[in-house]
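Number of protein chains: 2
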Amino acid sequence: MRQTLRAMRMLRGFPAGKNKLASPVIFCSGAKRGAVLITKGQQRQYASAPTGTQVVQLTSNMYPEIVRDERFGKLSAEDMEYFKSILSPGSVLTAAEEDLSGYNIDAMRKYHGQSQLVLKPRSTHEVSLIMKRCHERRLAVVPQGGNTGLVGGSVPVFDEIVISMSLMNKIRSFDEVSGILVADAGCILETTDQYLAERGYIFPLDLGAKGSCHIGGNVATNAGGLRLLRYGSLHGTVLGVEAVMPDGTIINSLGKLRKDNTGYDVKQLFIGSEGTLGIITGVSIFCPRRSKVVNVAFFGLESYEKVQQAFVRAKGELSEILSAFEFMDRESQDHVARFSELRRPLDESHNFYVLVETSGSNRAHDEEKLQTYLEGLMESDVISDGVLAQDETQLKNLWTWREGIPESLGKSGGVYKYDVSIPLDELYQLVEDARVRIQEFGHEIGTDSSNVVNVVGYGHLGDGNLHLNVAVKQYDKEIEHILEPWVYEWIEKRHGSVSAEHGLGFAKKPYLQYSKDQTVIELMRQVKKVYDPNGIMNPYKYI
Amino acid sequence: MRQTLRAMRMLRGFPAGKNKLASPVIFCSGAKRGAVLITKGQQRQYASAPTGTQVVQLTSNMYPEIVRDERFGKLSAEDMEYFKSILSPGSVLTAAEEDLSGYNIDAMRKYHGQSQLVLKPRSTHEVSLIMKRCHERRLAVVPQGGNTGLVGGSVPVFDEIVISMSLMNKIRSFDEVSGILVADAGCILETTDQYLAERGYIFPLDLGAKGSCHIGGNVATNAGGLRLLRYGSLHGTVLGVEAVMPDGTIINSLGKLRKDNTGYDVKQLFIGSEGTLGIITGVSIFCPRRSKVVNVAFFGLESYEKVQQAFVRAKGELSEILSAFEFMDRESQDHVARFSELRRPLDESHNFYVLVETSGSNRAHDEEKLQTYLEGLMESDVISDGVLAQDETQLKNLWTWREGIPESLGKSGGVYKYDVSIPLDELYQLVEDARVRIQEFGHEIGTDSSNVVNVVGYGHLGDGNLHLNVAVKQYDKEIEHILEPWVYEWIEKRHGSVSAEHGLGFAKKPYLQYSKDQTVIELMRQVKKVYDPNGIMNPYKYI
Numbered sequence: 001m002r003q004t005l006r007a008m009r010m011l012r013g014f015p016a017g018k019n020k021l022a023s024p025v026i027f028c029s030g031a032k033r034g035a036v037l038i039t040k041g042q043q044r045q046y047a048s049a050p051t052g053t054q055v056v057q058l059t060s061n062m063y064p065e066i067v068r069d070e071r072f073g074k075l076s077a078e079d080m081e082y083f084k085s086i087l088s089p090g091s092v093l094t095a096a097e098e099d100l101s102g103y104n105i106d107a108m109r110k111y112h113g114q115s116q117l118v119l120k121p122r123s124t125h126e127v128s129l130i131m132k133r134c135h136e137r138r139l140a141v142v143p144q145g146g147n148t149g150l151v152g153g154s155v156p157v158f159d160e161i162v163i164s165m166s167l168m169n170k171i172r173s174f175d176e177v178s179g180i181l182v183a184d185a186g187c188i189l190e191t192t193d194q195y196l197a198e199r200g201y202i203f204p205l206d207l208g209a210k211g212s213c214h215i216g217g218n219v220a221t222n223a224g225g226l227r228l229l230r231y232g233s234l235h236g237t238v239l240g241v242e243a244v245m246p247d248g249t250i251i252n253s254l255g256k257l258r259k260d261n262t263g264y265d266v267k268q269l270f271i272g273s274e275g276t277l278g279i280i281t282g283v284s285i286f287c288p289r290r291s292k293v294v295n296v297a298f299f300g301l302e303s304y305e306k307v308q309q310a311f312v313r314a315k316g317e318l319s320e321i322l323s324a325f326e327f328m329d330r331e332s333q334d335h336v337a338r339f340s341e342l343r344r345p346l347d348e349s350h351n352f353y354v355l356v357e358t359s360g361s362n363r364a365h366d367e368e369k370l371q372t373y374l375e376g377l378m379e380s381d382v383i384s385d386g387v388l389a390q391d392e393t394q395l396k397n398l399w400t401w402r403e404g405i406p407e408s409l410g411k412s413g414g415v416y417k418y419d420v421s422i423p424l425d426e427l428y429q430l431v432e433d434a435r436v437r438i439q440e441f442g443h444e445i446g447t448d449s450s451n452v453v454n455v456v457g458y459g460h461l462g463d464g465n466l467h468l469n470v471a472v473k474q475y476d477k478e479i480e481h482i483l484e485p486w487v488y489e490w491i492e493k494r495h496g497s498v499s500a501e502h503g504l505g506f507a508k509k510p511y512l513q514y515s516k517d518q519t520v521i522e523l524m525r526q527v528k529k530v531y532d533p534n535g536i537m538n539p540y541k542y543i
Numbered sequence: 001m002r003q004t005l006r007a008m009r010m011l012r013g014f015p016a017g018k019n020k021l022a023s024p025v026i027f028c029s030g031a032k033r034g035a036v037l038i039t040k041g042q043q044r045q046y047a048s049a050p051t052g053t054q055v056v057q058l059t060s061n062m063y064p065e066i067v068r069d070e071r072f073g074k075l076s077a078e079d080m081e082y083f084k085s086i087l088s089p090g091s092v093l094t095a096a097e098e099d100l101s102g103y104n105i106d107a108m109r110k111y112h113g114q115s116q117l118v119l120k121p122r123s124t125h126e127v128s129l130i131m132k133r134c135h136e137r138r139l140a141v142v143p144q145g146g147n148t149g150l151v152g153g154s155v156p157v158f159d160e161i162v163i164s165m166s167l168m169n170k171i172r173s174f175d176e177v178s179g180i181l182v183a184d185a186g187c188i189l190e191t192t193d194q195y196l197a198e199r200g201y202i203f204p205l206d207l208g209a210k211g212s213c214h215i216g217g218n219v220a221t222n223a224g225g226l227r228l229l230r231y232g233s234l235h236g237t238v239l240g241v242e243a244v245m246p247d248g249t250i251i252n253s254l255g256k257l258r259k260d261n262t263g264y265d266v267k268q269l270f271i272g273s274e275g276t277l278g279i280i281t282g283v284s285i286f287c288p289r290r291s292k293v294v295n296v297a298f299f300g301l302e303s304y305e306k307v308q309q310a311f312v313r314a315k316g317e318l319s320e321i322l323s324a325f326e327f328m329d330r331e332s333q334d335h336v337a338r339f340s341e342l343r344r345p346l347d348e349s350h351n352f353y354v355l356v357e358t359s360g361s362n363r364a365h366d367e368e369k370l371q372t373y374l375e376g377l378m379e380s381d382v383i384s385d386g387v388l389a390q391d392e393t394q395l396k397n398l399w400t401w402r403e404g405i406p407e408s409l410g411k412s413g414g415v416y417k418y419d420v421s422i423p424l425d426e427l428y429q430l431v432e433d434a435r436v437r438i439q440e441f442g443h444e445i446g447t448d449s450s451n452v453v454n455v456v457g458y459g460h461l462g463d464g465n466l467h468l469n470v471a472v473k474q475y476d477k478e479i480e481h482i483l484e485p486w487v488y489e490w491i492e493k494r495h496g497s498v499s500a501e502h503g504l505g506f507a508k509k510p511y512l513q514y515s516k517d518q519t520v521i522e523l524m525r526q527v528k529k530v531y532d533p534n535g536i537m538n539p540y541k542y543i
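Protein chains in written order, with our numbering: chain A, 1 to 543; chain B, 1 to 543.
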C-alpha cells in the first residue's frame, strides 16, 4: 500500500503544495492505466429489463387467485366510438388493429395484461374527457409512462384501458433564475435533463431507465435513483402537480413556489401513488444548478465494513460535493463482466466495489478534496485499488458499468428483484443470508444444472438502499416461495422497507404490512376511498 | 470602487496566489473595521413577538362573526376529574387555579382565546388517552408547541382545551452514521440543534424563534426559515411522524429510512396541517452533517435589481456552499437601529442590504469562493460596501442583526405581517405598492401623528419569500382593511402564495382561495373530513 501511494504521488505529476490537478488520474497501481474503461459497444444501454424472448404468461393465469372485479364496466363499441370521437386517430390503439403487447407486458417481462385499448391523449383536457367517460361507465384504467417500472404497476392485469402519456411531452416553462421547470408528464427524463443541461441546470433525479422513463411516471412512483443522496427526494423537490382525478376533474396545483404553506400539501399524496388516485399530467419541479465539475472514482475494498468506513468518511470529507455513493459486491461485478459487453474498470478482483461521484463548482477545490479523501482511505488501508475518471468519456463509462448491473442480470432469463431499505450496518447481511437460504433449500448457485444463476447485492449505500437480485434462468414459483415472504420478514425485523424506491405495484401489494403499521395502512385506505371511490384507478395493485 | 478593492486586497494581507485566508476580513472601506458588529445587550433575543403590555382583546370580541360551534361539548367537572386521574398533577392546568393567558394569547398579542384547561401530557400514550376522551365527548382541542406562530394558529378561539407538548421533550434516538434523529415533538429547536452540533450534525431548519419553538410545531406548520435554500423543505427531510388522531388512535409512522416507497406518504399531510388532523407527538428527521466552516458576509446595494444580480451570481459562484441569502430594505434596517439595542454593521446607509452565508467543509476553499464572489460583485459595482464576519461572535452578531428585524418591529405596538411567495422579479414591488396605497388612503408613514410606524420588506430571497411588515402603534381595523384583501389580490395576480411559511391559522383562513384552486381546496376538505370527522382538531382555523 505504501508503494502504491508513492506510485500514485508520482503519477499525479504536479509540484507539491499547489492545489492544481489538471486532469484526474489513476490513483492506484492495479488499475488499467491510460484508458480507464472501454466499452466495446458504442450504444449506451438504459433498459434494465430482461431481454429474453420467451413467452410472458398472462398475469391472470399466473395468479388465478386474483379475479376481475365485476363492478367494472366492459368496453363497448360505443365507448370505442366515443374515444375515437374525442381523440386524434393516432391516439386510439385497439387490439383488433395493433399489437398491444408493448403496453400489456412490463419491463421485467413478468406480468402480462389483456388490455384491448390504449389511449394516448395529447392534452390534460383530453385526459379529463377520457376519465369522465371511464367514471360514468366504471371502466378501469392503468396510467402508463415509459413502462419501465419493476413491480408490475404500469401494465394492466385484466382488460383495463391503458392511458399512455407518451404524447404529452412538452416543456411548458423554465425559469432560468429560479430553476423551476414546468413540464408535461410524458417528457422523457433524459431529454428533460438534456434541456436543463443546455441551460446550466440539472433534473434532481437520475436513474438507469432515464432514456425511456417519463418524469410523470418518476413522480407517480416517487423514483429515487442515483442522486437522492445529493438532491433529496421528490417529496422535497416537486413543487406542484397537475392531475386528472378519476371523475375527470382537473386538479391544478402546478405551483412554481419553493415555499407555500396554504393548506394540506395534497400533491404529496400523488407523489408515489402509482396512478391509483389520479393521472399526473404535469409536473413543476425545482432544479438545482448543474455542477460545473463532476468527478467519479471507482475502487475495490475487501469487506463490507470497509465500505461503510469509506462512506462515513465521504460524508465528512467530501461533504457538500458528494453526489453519489454506490456499492457493488464481487458477484454483481463478475456477472456484468460475464453477461455484458463492458470491460472491468479494475483488473484484480475485490470483494466489494464503490463508485463515488462528486459534483461541485471549482475543479481545483473538488479535486483536492477527492484526492485527500482517497489518499486517506489508502493510507488507512480502507481501499485496495482504484481509478479516477480522467475525462467525460471515462466518467460516463464508469457510470455505465454501474448501471449495467440490472441489464446484465436480466440477460440470464429472469430476476427476482428486492429493492429494500435496511439500517446500514446490517444492509449486506441480507444478501449473505439469502445465499445460505437458497442453498439450504437444495439449489446450487451458478452451476450449469441450477436455475439460480446468481445472487448479488448492490445499491445506493448513501441512502441505505440495497438491491438484492436473484438472477434465474426462468421464473419459478419454488424459488419465489423460498425468497418470499422470507425476505420481507427479514426486513420487518430490522424495521426496514420492503420497497425503497420501486414502489408496490402488483408485485409488492401483498407485502405492505411488513413495512407499514396497520393504523397507517388504514389512513391510506381512507385516502384511496375518498379520492377514487369506484376504485377504477390502476386496480388490483398497491393497496 | 477601484480604491475600495485595492484597500481590500491590502487588508487581506496574504501572499498572492496562495489560497489561504486565515481569518475573514472587512472587505470594503465604509465598514466598521475591527469589531464588525457589537451588541449592546448580552442576551440574544429570539422572540419576534410584540412586547407591548396593552390588553389583548378576546378574539371572540374582535371577530363577532365567528361563533362557537355548538356541536362541541362543554368541559364538565367529570372531564376535569378524568384528566386529573390520567395525568400527573403538574400536567393539568385550570383557569380556576392558574393564569392561562400565556396559553390563550398568541406571540403576536393579536389573538386571545378563552381556554379553561391546559393539559401537558408526558407521553404519546397520555395524548392518546386525552384524545379518546375528547373524541367521546366532542371536546375541541388546540395542540400547542412553543406558541410562537404568527397567524393565531396555536391559541384557542373559544374554550378549546389546549394540549401543550412542552413536557414531551426527549431525544429518542440519534444515529451518528446516518444522521437520522428521532425526537419528541416538544423538543425545543435550539436545544435539539445544540444536541446535534455536539455530534457534528445540524437540524435542517433554523428560524428566529428557535429558542422557544418546538420541533413538533415546526413540522406541524412546515416551518421554512433561514436555511431552506440549502437543506430543502421539511417535506423532504422529515422521514417519519408519530401522531395521535382525533379518536386517540396512535399513528406510528416514525420510519428511519431515507427511501420508503410503500404506499401513500400520508405523513406528508401532517407536515403543515397545523394541528387540524391530529397531534404530532414524535418526529424522525434526516439531519445533514454540520459544516465545519461557516462564513457570513453582509453588504449594501443601491437597487433591488442589484440584489437580484447578487443572488443569481451567488447561486452560480457559491453554488454548493451557499446556505443563506437574506435581503433587507433600508427601512427595515433603520427600524432595527432605532428600536433595538443592536449596532449597525455598516456606517453608511444603503437602499438594500444582503446577508450571505456559506457553509462548507474546507476553510481555504470556502473563503476563496466567497472572496472571488465578493470581488466580482464589487468590480461590477453590484455592491457598494460590505463586511465579512471575522470570528464566530461577529458571525452571530450579523445573524442577530438580521433576526432582530421582527422583534424590533413588534416594539412599536403591533405588526401586520404578510409572509408571501412571489416570483423574484416582482418581489419587492409589493412593498413599494403597499406604501403608496397606505398613503393614498391618507395615512402618513412614520410621523408622530400617524398610526403607521413603518412599512418594511425583508426576507429569504433565495426562496422567493418576502416578509412585508406594516408596523403600527396599535392594531386598527381601518389599516387592516386597507391592506386586506388588497395584498392577497396582488399576490393572486402573480400566482404567488399568501402564506409562504407562516401557515394559515386563524389569520389567513379566509384568504386560502387566493393561492389555491377550488379543486385543490376540495381535496383538502375531503382529507379533513375523513381524518377528523367531528372537526374537533384546532377548529375555526385553516380550512
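Keep in mind the hints are simulated off the structure, nothing from the lab.
Just so you know, even glycine gets a beta-carbon here, dropped at the ideal spot from N, CA and C.
Incorrect hints may have been included.
[Claimed, not checked] Think about it this way: if two alpha-carbon atoms lie no more than 25 Å apart in a straight line, the pair counts; the simulated BS3-like pairs of lysine-lysine are:
| no. | chain 1 | residue 1 | chain 2 | residue 2 |
| --- | --- | --- | --- | --- |
| 1 | A | LYS529 | A | LYS509 |
| 2 | B | LYS315 | A | LYS315 |
| 3 | A | LYS529 | B | LYS315 |
| 4 | A | LYS473 | A | LYS74 |
| 5 | B | LYS292 | A | LYS292 |
| 6 | B | LYS529 | A | LYS528 |
| 7 | B | LYS292 | A | LYS529 |
| 8 | A | LYS528 | B | LYS292 |
| 9 | A | LYS292 | B | LYS315 |
| 10 | B | LYS292 | A | LYS315 |
[What the hints assert, rightly or not] Computed far set for chain B versus chain A, every beta-carbon distance over 12 Å:
| no. | residue |
| --- | --- |
| 11 | GLU78 |
| 12 | TYR231 |
| 13 | ASP265 |
| 14 | ASP347 |
| 15 | GLU440 |
| 16 | VAL530 |
Against the structure, the hints:
This hinted pair checks out: LYS529 of chain A and LYS509 of chain A have alpha carbons roughly 17 Å apart, not beyond 25 Å. About 22 Å separates the Cα atoms of LYS315 of chain B and LYS315 of chain A, which keeps this hinted pair within 25 Å; it holds. Annotation: proposed proximity of LYS529 of chain A to LYS315 of chain B is violated, straight-line Cα distance about 44 Å (limit 25 Å). Restraint check: the Cα-Cα separation between LYS473 of chain A and LYS74 of chain A comes to about 37 Å, which exceeds 25 Å; the hinted pair is violated.
At most 25 Å may separate the alpha-carbon atoms for a hinted pair to count; LYS292 of chain B and LYS292 of chain A meet this at roughly 23 Å. Between LYS529 of chain B and LYS528 of chain A the alpha-carbon distance is near 14 Å, which keeps this suggested pair within the 25 Å criterion. Our distance criterion of 25 Å between C-alpha atoms is broken by LYS292 of chain B and LYS529 of chain A, whose separation comes to about 49 Å. Distance check on the hinted pair: LYS528 of chain A and LYS292 of chain B sit about 46 Å apart at the alpha-carbon level, beyond 25 Å; violated.
Our distance criterion of 25 Å between C-alpha atoms is met by LYS292 of chain A and LYS315 of chain B, whose separation comes to about 12 Å. Taking the CA atoms of LYS292 of chain B and LYS315 of chain A, the gap is about 12 Å. The hint holds against a cut of 25 Å. Its beta-carbon lying about 29 Å from the closest one in chain A, GLU78 of chain B satisfies the requirement of being farther than 12 Å from that chain. With a closest Cβ-Cβ approach of about 8 Å to chain A, TYR231 of chain B is found to fall inside the 12 Å limit, against its non-interface label.
The beta carbon of ASP265 of chain B is not kept farther than 12 Å from every beta carbon of chain A, the shortest such distance being approximately 6 Å. Once the 12 Å rule is applied to beta carbons, ASP347 of chain B is consistent with being away from chain A; the minimum gap is 32 Å. With a least CB separation of 28 Å from chain A, GLU440 of chain B remains clear of the 12 Å interface cut-off, as annotated. The non-interface label for VAL530 of chain B is inconsistent with chain A: the shortest C-beta to C-beta separation is roughly 5 Å, within 12 Å.
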